[in-house]
Amino acid sequence: MNHTTQLSDRRSAHGGNGAATAVPPPAAARAGRRPASQQWAAWGFLAPVTLYLALFYAYPLYRNIDLSLRNYTVRSFVQGDAPFTGPQNYLTVFDDPTFAPALFHTVVFTAVCLVAQYTLGLVLAVFFNQHFRLSATLRALFLVPWLLPLIVSASTWSWMLNSDSGVVNALLGAVGIGPVNWLTSPSWSLTSVIIANIWIGVPFNLVVLYSGLQSIPASLYEAAALDGANAWQRFWRITFPLLRPVSAITLLLGLVYTLKVFDIIWIMTKGGPADSSTTFATWSYQLGFGNLLPAFGPGAAVGNLLVVAALVFGLIYVKVQRKQALS
Amino acid sequence: MRRTTGRRLTSAALTTVVAVVGTACSSGSGSSSAKGADSGTYTIWDPYPQFAKGSAWAKLLDGCGTKAGVKVKRTAFDTSDLSNKALLAAQQDNSADVLIVDNPVVSTLAEAGVLTTTEENKLDTSKVDPNLLAAGQSGGKTYGTPVGANTLALYYNKKVLKEAGVDIASVEDWPSLTAALAKVKGAGKKGITFSAIGTEEGSFQFLPWFWGSGAELTELDSAQAESALSLWKDWLTQGYAPNSVINNTQTTSWQEFASGDYAFAENGTWQLANAEKAGFDYGVLPIPASGGGNAASPTGGEFVTIPVQGDTGRYAVSQKLATCLTSTQNLYDTDNTLSYVAPTGEVQDKQVAANAALRPWVDAVKSAKGRTSDDLGTKYPKISEQMWKAVQAALSGAQSPKDALAKAQSAAQ
Numbered sequence: 002m003n004h005t006t007q008l009s010d011r012r013s014a015h016g017g018n019g020a021a022t023a024v025p026p027p028a029a030a031r032a033g034r035r036p037a038s039q040q041w042a043a044w045g046f047l048a049p050v051t052l053y054l055a056l057f058y059a060y061p062l063y064r065n066i067d068l069s070l071r072n073y074t075v076r077s078f079v080q081g082d083a084p085f086t087g088p089q090n091y092l093t094v095f096d097d098p099t100f101a102p103a104l105f106h107t108v109v110f111t112a113v114c115l116v117a118q119y120t121l122g123l124v125l126a127v128f129f130n131q132h133f134r135l136s137a138t139l140r141a142l143f144l145v146p147w148l149l150p151l152i153v154s155a156s157t158w159s160w161m162l163n164s165d166s167g168v169v170n171a172l173l174g175a176v177g178i179g180p181v182n183w184l185t186s187p188s189w190s191l192t193s194v195i196i197a198n199i200w201i202g203v204p205f206n207l208v209v210l211y212s213g214l215q216s217i218p219a220s221l222y223e224a225a226a227l228d229g230a231n232a233w234q235r236f237w238r239i240t241f242p243l244l245r246p247v248s249a250i251t252l253l254l255g256l257v258y259t260l261k262v263f264d265i266i267w268i269m270t271k272g273g274p275a276d277s278s279t280t281f282a283t284w285s286y287q288l289g290f291g292n293l294l295p296a297f298g299p300g301a302a303v304g305n306l307l308v309v310a311a312l313v314f315g316l317i318y319v320k321v322q323r324k325q326a327l328s
Numbered sequence: 147m148r149r150t151t152g153r154r155l156t157s158a159a160l161t162t163v164v165a166v167v168g169t170a171c172s173s174g175s176g177s178s179s180a181k182g183a184d185s186g187t188y189t190i191w192d193p194y195p196q197f198a199k200g201s202a203w204a205k206l207l208d209g210c211g212t213k214a215g216v217k218v219k220r221t222a223f224d225t226s227d228l229s230n231k232a233l234l235a236a237q238q239d240n241s242a243d244v245l246i247v248d249n250p251v252v253s254t255l256a257e258a259g260v261l262t263t264t265e266e267n268k269l270d271t272s273k274v275d276p277n278l279l280a281a282g283q284s285g286g287k288t289y290g291t292p293v294g295a296n297t298l299a300l301y302y303n304k305k306v307l308k309e310a311g312v313d314i315a316s317v318e319d320w321p322s323l324t325a326a327l328a329k330v331k332g333a334g335k336k337g338i339t340f341s342a343i344g345t346e347e348g349s350f351q352f353l354p355w356f357w358g359s360g361a362e363l364t365e366l367d368s369a370q371a372e373s374a375l376s377l378w379k380d381w382l383t384q385g386y387a388p389n390s391v392i393n394n395t396q397t398t399s400w401q402e403f404a405s406g407d408y409a410f411a412e413n414g415t416w417q418l419a420n421a422e423k424a425g426f427d428y429g430v431l432p433i434p435a436s437g438g439g440n441a442a443s444p445t446g447g448e449f450v451t452i453p454v455q456g457d458t459g460r461y462a463v464s465q466k467l468a469t470c471l472t473s474t475q476n477l478y479d480t481d482n483t484l485s486y487v488a489p490t491g492e493v494q495d496k497q498v499a500a501n502a503a504l505r506p507w508v509d510a511v512k513s514a515k516g517r518t519s520d521d522l523g524t525k526y527p528k529i530s531e532q533m534w535k536a537v538q539a540a541l542s543g544a545q546s547p548k549d550a551l552a553k554a555q556s557a558a559q
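Chains as they are written, first to last, in this note's numbering: chain A, 2 to 328; chain B, 147 to 559.
Read the hints as simulated data drawn from the structure, not as lab findings. Owing to the predicted nature of the structure, the values given are computational and were not obtained by experimental measurement. All clues stand as given, with none of them false.
In the DSSO-like style, the derived pairs of lysine-lysine whose C-alpha atoms are separated by at most 30 Å in a straight line are: (1) B/K496 <-> B/K205; (2) A/K261 <-> B/K553; (3) B/K329 <-> B/K308; (4) B/K466 <-> B/K287; (5) B/K273 <-> B/K213; (6) B/K528 <-> A/K261.
Isolated chain B, as found in the complex (with noise of 0.2 Å):
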């Protein structure tokens, strides 16, 4: 009981601290206190607070719930904030009864042992794109199922291109990518956008170029990682792309193609919808890889897992809970709120069947790879955040790309 107590009074502090220090713009709606008083009652953490009460998510949350015969209590928390609140939770054995969090989280939350695996609950991810899925697995186990995945490409403004006389067919490679920056830069137009911001957004947007110069995750200062890095770093030198890259988020490099003066930007699946309010004609291309073809790009996008409960009675609704969100049905209703790619080869046909414009992202997600993949788990993390380092170091000149990944690479051993 004391320790209960002590463990409430240190997450309460510790909560104190995130809410203060914090991203302030943490939005749960009400208290973070999962367990609803009764049993009836079944909670639902989620990282979409775009979405208020009256949204077709929430409906639908509510709608699984009536047909599992319980109620739902939905609390959505900014993304950067769940993870945090999750393992809190789970220190007071007091974690929601489904838990959809960021894919890389995964493999984490799984190591603390906050999560069950699918041999536990039951949850059948025999439809699921094996690519997808491998973010949520680790030592050979699945940790949920994916409720939407999305990915990175690189959207590019016709108008620009047309003008610097760049035709767009000719970028396969990055030599031609970089040629048609330079074009681009000659007709008085800005060339790229992207962002190396010093967080795990760094890393995912560096990752499809990382990846695509053939160099692998264990091994950051690799001759292919330093022509990765290169490639961005020579791009700020010619002016190429902006200085502000290293401090741009995604929302903010978007912002910079959105004035209309970009020719390239390097954004996700989920910027689709702002795409058609951008006011200009815009295509979408697969990052290309060095030396032509498509370069891997991380997943993005979340899990639906269910987590450990003392009471392992629940677990038999929050599988039919998981398993309604995850529907082929509520899969293409959710991912297109989300403006995000199914995670099934059925929901993808129907969504390419209904808008042509997903294939591009389709084929991207195909060919995407899960960060915490190739059993990279936990590590993952660790190198990621030497990876954010190396890459800023090099972007403002602190150092050359070669000794910032050497750097990296022995920090993240």
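If we strip away everything but chain A, and leave its shape as in the complex, we get (with noise of 0.2 Å):
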């Protein structure tokens, strides 16, 4: 009641000269009116949004946390009873035999192809920068790993690198080296995975940074060359400094799309053999969905830990733009 009272009040404050114009001041209620509608104009205009967000954002989120702090059998999950148990789930995953190999997997896998692919990716950016004739058609020849369905690229990726009949191992055969199992050995499946993914992650990274390389002034450079700046001095005095804020946005949606990397990883090893290409997203979807009695609780907690790390690294971009835009 007082709540209204005060915000009617305040709203008749705000809106002020429309009111005060339109509608005698005496009749307080009348006064409120108004801006009482604009209020519902402006919760209809975000109606839309929010309901989207709660809907598909909030919930599923929400109700994964709830999942991974619960109990759940195949029967209380149909039953909708499964007993609360705090963080007994995540304390299961964290006593997991296979906890550690997968973390040290999830950094490696993450870090590995997040810098080749950032580094391919700005070295193919600066080549095609260069405007020569068929850039242009090179360039879209590069853009096909990423049209490509992921479930095509990973299934190609695991016939070439089949131990007895892929053609990697045919060419390896030919210049002398002897057969890798490139997918079956505990030392390569994970070596195997990461090419695949830079192989598909590349392209994101040349278009981004093809295109903040173009918002650099041709100006610059030419001054630099003016002065008696060689190419590399160019490259790292006022292409690498001015691509900063595109390879942060680049390096994080880099990091966030490497760190759920699972269908690749999936259709080519299964997290295999023996765990040696396990990454958290794997083994979140091996645990819920992966057997035939599935671990929803385990498999959600899994999820959240990998939700989390995505977080934090969102933070901390955010705090160094900040950063960046005081300075």
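Please dock the two separately framed chains into a single complex, following the hints provided.
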């Protein structure tokens, strides 16, 4: 009650101009009406996006957290009466012998992919920035990995890397190198999925960094060239620093994409052999859906760890951005 | 009411996850909402997306519907997708009226309280072979009836064996099989291919050797189990089996065999039609046990079940539909299209009479064993996951068979 009056008071004060001319001040109740309808309109405009966010982002996130805090069996999943167990699922996950390797693989996979994709993307972007003949065609060709459905590219990679009939081993054999068990040896499987993922991720980096390069004024390069800077210096003194904001967002997006990479690994190795290419993303799926008897609780817990990891890096990004804006 | 919406949302979210990260080959035709609007429509879910609308299977379903005086709405799912879909539907109290699922899933769904027992739904299972029915039994209750059965055996390429000078009659236990593989390799051909992938398929393929060694699923680290895993491991080390088996599904393994270079392939009844098309002379041999005789192989194939409904009045018609699907003539037709062995002796005899080549398969099915049998029920999925992990660890060289199985046993507890 109190709250409402206060609100309408403030509204009438705020919407002062319009209300004062249209409606005589003594009628306090009527004075509040028009701003209130504005208020409704504002909510009306806000409603679709709020509803959308709540339905498709907040609620699933809430459910995933809820799922990770309860002890779900198939029975309680169907009946909906899973007991609340607090952090038990998280403890189970931390305690699992798969946890340490999965964490290590996730970090290695993400770091190596990110660095390689960014470096290759930048090199190619600078290269294509030269505007030579056919550069547009070649650039378009580089986008192919991005356009292919993941199931197609991952299956193709797994055929190429097949130990016995794969084209990669055939090529290696032609130059006298013995066959490598790309997908079936614990020491190679992670490398194989990293290679495939880099191939898929380069176009994204190329496109974003290329568009970033377009926004660097050519006059800077001309001035630098007049001052006697060579190509190497021009890259490190002009291109790289001016590309920093674009690089930051590319790396952040790349990080989020790479953390959650699932399809490629699942199709190529199923996280195996012997967990040697298991990351948090595949482990979460394995727990929740990879078995006839799903473990939804621990699966959701692993998924949440991934969300938290992405969130942490997002916050770091925001902080760095703010620092840059201030300086 | 709110609760229902909540559940629906959860399931929507989860379904999205399944759809996004899942097998990407789900082929559900249309909506996954099971219940038709009116009571005259009955829904049937099956794992046979390969059968399109005009297929004999789809016509059979419609025919059974007409006989029961109702309209049938059929939805086909990819088999790996179906158990999750069934659980989600049950959570929303939106289950199909008749659900056809892979047999090891039955005990899980029963444990979840999703399925009615044969006492409740009055399905007659008296004609079904007991070893096949066992996969659908748990805690003394039966939760459905098999629509057909399949199992594993060894396909062999007669030409490759002849060139290597192997007499197939000499292959009767593990040592003689390994000796045959050595001869084949010596002749410059490839030995054997199977599927040891890190999924249920891998466990399914390992089980005949596991059981054939005398091992029990309750004791993964027994000496017998170790001998079975060592057999596979040695084949890989010696080059009798290709390294790619670690990532082979049963389909990719079959493709290797179909290339004509391999002497043996472990594969299922359902490949018979493809074997005819392979373009070389093949034979079928039951998988030998370590010391001779036939190893028990795991039963595959689906069960017709009737999920729990809010409106129990629907069971009577559902029972009519299920009975129609598993009637003698329909079993015969269905199992011939699926390339399965029928679950009843009567229909099996009919199948063998029509096609003598089915004889070894009928024998193999008779000695087969359900994965969830021996009252393992929902313990099986856990054991199976550890078993395929151990197989992968040993074959890829990450661990010795002994260590891998010891680890599996302690994790499966």
